[in-house]
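**Student:** Using the hints, build the complex out of the two chains.
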Amino acid sequence: MSGPRVLPVGDHALLVELDSGEAAGALHAELVRRRAAGTLPLVREIVPAARTVLLDGVDDPPALAAQLTTWDIPPLESGAEETVEIPVRYDGPDLADVAARWRVSEREAVRIHSSAEFRVAFCGFAPGFAYLTGLGERYAVPRRATPRTAVPAGSVALAGEYTGVYPRSSPGGWQLIGTTDAPLWDPHREPAALLTPGTRVRFVPRPPR
Amino acid sequence: MTDRALSVVRAGALTCVQDEGRFGYAHLGVPRSGALDLPASRLANRLVGNAPGAAVLETTLNGCAVRPRCAVTVAVTGAPCPVAVEGRAVAWGAPVRVPSGAVVEVGAATRGVRSYLAFSGGITVEAVLGSRSTDLLSGLGPPPLRDGAVLPLGRPERGCPHVDVAPAPGVADELVLRVRPGPRADWFTADAPRVLATGRYRVSSASNRIGLRTEGPALRRAVEGELPSEGMVLGAVQVPPDGLPVVFLADHPTTGGYPVIGVVPEPDLAAAAQAGPGTPLRFVLGRRL
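Taken in sequence, the protein lines are chains B and A.
When we follow my numbering, the leftmost residue of the first sequence carries the number 1, and every step to the right adds one.
When we follow my numbering, the leftmost residue of the second sequence carries the number 210, and every step to the right adds one.
A portion of the hints provided could be inaccurate.
[Claimed, not checked] Computed spacing ranges between beta-carbons, pair by pair: (1) Gly339(A) / Arg202(B): 30 to 38 Å; (2) Glu82(B) / Arg496(A): 42 to 50 Å; (3) Ala431(A) / Gln67(B): 41 to 49 Å; (4) Leu42(B) / Pro450(A): 35 to 43 Å; (5) Val359(A) / Gln67(B): 48 to 56 Å.
Simulated from the structure, these hints should not be mistaken for laboratory data.
Every value quoted in this text rests on a predicted model; they were computed, and no experiment measured them.
Cβ coordinates follow ideal geometry from the N, Cα and C atoms, glycine included.
The following block holds chain A by itself, in its conformation from the complex (with noise of 0.2 Å):
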């Protein structure tokens, strides 16, 4: 391997690599995957002067460290957490030098969930059907990260970024998804929609990458007995036996067998990425449901 790579010193409670996903394999049972707060990766790789859809570490609550073998510059965006190179304390959501051999530390988040840093070049690990995404449900892309791992860092486009700090939205103390109709609305009571809409939900920390879970006002059925598989959207609002929505993210499946009573449309999710365990939610109707 080349100087171009950074080792990972902590790789945190679950850390893994995301760009934009997969796209075009649904069929064959492929998750689309990719960055949960797609904004936060793309302005991340725009700091450093990447394309947007560069493969960036995406954090899980605790961050990480990782010590580049090489000089880069790194962004940190997403959930805000403390950023240091070398013990000292750098910007959070702007673009840091960082000289070879220097530990980038990523600290807890202080809001939110999910960190994103890039790293000027991206990271490289080799592509799977177009994409350099970890995807958690089907094991497709590189693993999430472990002490030790190394991964390939991309040559630097030419030219320096020309952006010094960006706006980047603050994360929700409520988290407000909208719902347009799903496929198997008429599957549930007539109050349902009411229900969803007025109930007090909480985001379960049962979420991951493949749902966020709720807690709340259960749902009910009107229609008994089982619906075949078929296909299903990002944003889906499933809702399995117990009556609780599951909102799909990146990783879920492509096809399942409860029905869905709404779709949260993409631009939400981002919101939802960053929603922790406990955080109050509000589903919002929209075009009759």
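Pulled out of the complex, with its shape left as it was, chain B reads as follows (with noise of 0.2 Å):
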């Protein structure tokens, strides 16, 4: 495995990209860790993503630039932390599509989909709006050809090899599988978002309403 490639992000923020999704989770992860021990610079904003996690606000870039390459970074570690478990009835109307990519039958789609163990890697698009890895590259789904001009919040959706839930309505272009009542985005309460990055999730199959 190679080391963390630090890129110039302007004046202010750095961009640190690694090799994979889990290795930009450990980064987030022992970020967090840091700023939780008062051992971090003082950082903005962090923002993991897909392969990177974006540090803004950074009052000496190059220095932690150079800190950050010396780091040595525990890996993720599976169930360490709450897992969230989000009730889904699974009456989304692309759940036979999606049975179909996958050649299996509706019933064994949301048998894969709910035993899978998901991780927050990232969220954006909208408040709340979390991308959930887990399912792997072997499930990942294309965004529909056409995308939805409205659809229904807390809709559970997929699209590359991700999963994530509409905290609103919103138009959208992912595969819709199901719908579930969690509250995703309450910005009253602390954390505003249920799904914050690091967090593991469950999807748990409920009956149809």
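**Tutor:** Structure representation (structure tokens):
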């Protein structure tokens, strides 16, 4: 495994690129640990993504970049954190298409999705929208050729190798496989998002309404 | 609601509540938001005796009209425009005492795009994640103003402002943006920095609070294929498949999947907020790109 590559982002930010999503998750966890311990220089935003972690609002980016490359970063431990369970009715309009792509029955598609262990790799697109990894590359599905103009809030959806849940109604091109009533986003709650980077997630099937 | 409030007589094309924005939530997908021309909104607050981060109104092109239900001090900054109280012209860029019930009319910008109206006491709509800013990308904060809406005002600080009038930078005929190195400069052909630095760009009419879009020579990619989503900063110059640079402004998405060739430093973005469609735009590269 190669070490992190640190890329300049203007005068006050760094983008740390890693060779996998797992490694990005591990670096993010380490950054959060160091910040909690008070050993990280002041950084305004720590934004993990698919293969990178962005550090924004950094006083001395070259100094932090030099420091970062010397760190010994422990791998992500599975099951170390609490797991959030999200009840899902697997009643999405694209479930049959997804099952066909996977070459399994709908029932088997539900079993595959609900037995996977997910982790929030990063958030984006909308407040509280989490990109969940865990299904693996073999279950990757393309986005819909024509995005929907309105995806209902609570839709559980797939795109690429990610699973996501729409916190509120919005346009979207992901394949919809189910629905949840879980409160994904509440700005008056701390944290506002139910699914924050690093959170472990399981989807639990519920009977259709 | 108490009498410390204002009602919206004419909302204008797009008028929204802004303060200095939301910080520390980018990892949850929350844009920073906040006034696009931050020096102008801070100056407006200073003129009425508010703290610099009090919430103000940000107008777009054609101003707005409001009727305070109490006596307040008002100041308008940012894009120069006619200002009237009960139909009588008053000063732009200076504190103006407005009696209870009088209509404050902010006219169309004579130059620039966005004017800022500060009221003594500030606008005190409920803060969401530490900010009262309207976020057009994700819908956090109060919705843009509508005719007839009522917004609460805070109690003014004790004492009077000591500033009568303050110098404000003019709106330039040409927008000049410095560009610092971005993380994905190597995704573009070797001539891309030269094209960016020497190309005749203009501000596109598709610009908004999310990004300043441009028209001009396209930047060509050396690396094809998709970039996995990565974190985005304010001022990032993102290049979508059409090759035309987009400069990310306050309501930009926190992660994105198009390569960022460079980053415009924050102090240059106030001028970007005032550059209307068609404004000539020049990028000046700094510290190797």
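**Student:** Taking each numbered hint in turn, which are not upheld by the structure, reported in ascending numerical order?
**Tutor:** 3
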